[in-house]
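The task is simple: from the sequences and hints, build the whole structure.
Residue numbers for the sequence shown follow the working numbering, so the first one is 1 and each next one is one higher.
This list has only true hints and no planted wrong ones.
Simulated crosslink set (SDA-like; lysine to any residue; CA at most 20 Å straight-line):
#, residue 1, residue 2
1, K54, N66
2, K99, P50
3, K99, D45
4, K99, D76
5, K99, R77
6, K99, T35
7, K99, Q73
8, K54, R89
9, K99, A83
10, K99, R109
11, K99, L43
12, K54, I75
13, K99, A27
14, K54, T95
15, K54, Q39
16, K54, R90
17, K99, P46
18, K54, V84
19, K99, N72
20, K54, R92
21, K99, I75
22, K54, F69
23, K54, Q73
24, K99, W42
25, K99, P49
26, K54, T68
27, K54, D85
28, K99, A36
29, K99, E30
30, K54, A64
31, K99, E81
32, K99, Y31
33, K99, G78
34, K99, P26
35, K99, Q39
36, K99, E47
Hints in this document: simulated from the structure, not taken from any laboratory.
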Amino acid sequence: MAAPELAAAIAATYHVWMRTVDAAGPAMAEYGLTTATFQALWLIDPEEPPPSMKAMAERLHCNAPNLTFVANQLIDRGLLERAVDPNDRRSRVLTLTAKGRRVRDEVVRAAMEGSPPAALTAVQQRQLTALLNAALEPGPASDRA
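Rendered as structure tokens:
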């Protein structure tokens, strides 16, 4: 059985994410995005090289057929393009279109502005980020104590 502190931390993390998605709701609705397509857009950083389909499936914690379904929805809306990976011609990458960049910026901005951590100070946001990143480090919690 999980300790009450752990259960409370997991519940709070879940509620923060759900309120963040809710904050993006009007922008998502405007562009016909689902939570899954919103998450996919969020996870494609326009300042980074386009991710491979495999990398996106890992980021979204889904399998290849699910990613293909989500990617096709975004491609059909003109937000993404699927292209051959210039570094590995056997692989495909997902690239934001100009429209995709604009839509991504709008829905991410709406999500961030309405997310509960937006009410925290910059110092608190850095502390929260450090704690969450520490929780994501590999290895048993006893090794990190």
